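Chains as they are written, first to last, in this note's numbering: chain A, 1 to 250; chain B, 1001 to 1286.
No lab work stands behind these hints, which were simulated from the structure alone.
Here the structure is a predicted model, which means the values were calculated and not measured.
Some clues are possibly wrong.
[Said to hold, decoys possible] Now the stretches of chain B that chain A is said to cover, found in silico as 3 or more residues with beta-carbon under 8 Å:
hint: 1; stretch: 1075-1089
hint: 2; stretch: 1192-1198
[What the hints assert, rightly or not] Here are the computed distance ranges between Cβ atoms for each label pair:
hint: 3; chain 1: B; residue 1: ASP1003; chain 2: A; residue 2: PRO140; range: 44 to 50 Å
hint: 4; chain 1: B; residue 1: VAL1167; chain 2: A; residue 2: VAL136; range: 48 to 54 Å
hint: 5; chain 1: A; residue 1: ALA33; chain 2: B; residue 2: PHE1247; range: 33 to 39 Å
hint: 6; chain 1: A; residue 1: GLN49; chain 2: B; residue 2: PHE1247; range: 52 to 58 Å
[Said to hold, decoys possible] Some chain A residues judged to face chain B by a derived CB distance under 8 Å, without partners named:
hint: 7; residue: PRO12
hint: 8; residue: GLY13
hint: 9; residue: SER38
hint: 10; residue: LEU39
hint: 11; residue: LEU40
hint: 12; residue: GLY41
hint: 13; residue: VAL91
hint: 14; residue: LEU124
hint: 15; residue: ALA157
hint: 16; residue: ILE193
hint: 17; residue: SER194
hint: 18; residue: LEU195
hint: 19; residue: ASP197
hint: 20; residue: GLN198
hint: 21; residue: ALA199
C-beta atoms are modelled at their ideal positions from N, C-alpha and C, and glycine is treated no differently.
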Amino acid sequence: MTTTAPPTLAIPGQLLGPASRYQPGPGTHLHDANLYASLLGHVHVAQPQQSQQQQQQQQRRAPGPAKRLTKITPAPAPTPPAELPTISVSVAAAGGGAGAGAVVVGDGGPVAGERKQKKKREVLPEVGNVVLCRVVRITPRQAVVAILVCGDSVLEAEWQGLIRVQDVRATEKDRVRIYESFRPGDVVRAEVISLGDQANYYLSTTRNELGVVLAVSEAGNTMQPVSWKEFRDPETGAMELRKVAQPQPQ
Amino acid sequence: MADRRRINGPAGATIPPVFDDASTRGPKSIKSRSRPANATRKMYLKTGVTPSASGSAYLEIETSATPGVSGLKLSCSVHGPRSLPRSAPFSPHIVLSTHVKYAPFATKQRRGYLRDPSERDLGIHLEAALRGAIIADRWPKSGVDIIISIVEGDQDRETSQLQGDEVWDMMNALGGCITVAAAALADAGIDCVDTVAGGVAALVQDAGEDSIPTVVVDPIPSEHEKILAACCIAYLPTRDEVTNLWFRGDLPASDIDLYTNLVEKGIQASKNANRVLVGCLAETIQ
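Model the full structure from these sequences, guided by the hints.
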């Protein structure tokens, strides 16, 4: 089974291994039952999490006293494809400190390496991602936002998104008013539900932890969330209506 | 289309007068090819030359052994992936836009600041060559701009303007454009099926009208008496696929295999260029 280890560095089009041994991850593609790199960068092989958990459970079970089975548990389904390690190619170098503003084009290896680490690959919002965005303008039917952060990575380009009135919250959708949920300038945590039309990603804030995370009052002060639909200005004490995101423990 | 926004130089060529002299009379004749028929010129390729771009590359092909013939110097920058303009329709793929521009001083005939039809033509061929290599559906709703400026065209400055035909120079330029764009795309982190590289082969007649034509790789027009036909090929080596083929010229009808032969030589030239490309990319990630 173990023939050759995959290369540590990959160039687009380079053979990484047969599809029977790895699952394709980001930066790879499948052709003729073989996996090839599609990016220039470092190769990572990630063991599937499921088998790690199983191993941990087995380890945990082993030392303790054997328990009697009191309930019928389904036999673990044989899922061979899920147990294959995932192979991926990423542009950024694994580990290492972020390079200072080294933009000098030199022949030195470390300089080029630092430049590479500093440069991050552009990512796109995908369906299911949680994004941070700023409200640009509101209309009675929708709020137009600019997507700033996708997952953990700050986007270089600014992508436009749309929160429609029916996607603001899960209950009492017919009573939602956009101006009681968002105001221009608010920072909103939202989930991508569709790639949308030519210009906009469609976003949703129907979950509890989604909604306005940062709001500024009409007086210009940063407000604090007090309930699921209200923010309060700590200086003037004025209340303002928003679709408030449930504060998350860090 | 007149360029009204800039102060342009005179429209005609501005070549300083060359006075006939015993010392300059020598190189006026056709210089013979200094390399074997199946050898390409040396090439220098480097990625990451433009810090502000997502990806960039610089390509230089050495000058010919004969003096006065400049090499090819290309600079390519890739911007994106970035969001499409609001007017653009929805696209489930990445939208490629390629711009190839000769610098005004790149060729004997001075070029304008606006792109002329031949430069647009190069851009279209380049786009066709790259589209076969990019995995376009990895980047929905986004566009990427590939901008190549030809800093120095591959031309002999000593031959008269009437002698050379621009079109053979364009073939060489396109071959370089494909290679340098592939390097810049890999540097930008855009998913590609393979590293695509360009190569040129030509059918030349070196000894008079009635001589037997030969197939050479990486031709320099000034080194040959007459170029009958040429083809520029963009080739994916691991897939063994041709993504773009540009053929121009007339083949003698006597030999049917000549066309296949020419294409094969073009593939061989692009394999040579690909070796440089792979070496350059390997250096980039180390």
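Exercise for the section: Could you tell me which of the numbered hints above are not met by this structure, giving the numbers in increasing order? Expected result: Numbers 16 and 17, in rising order.
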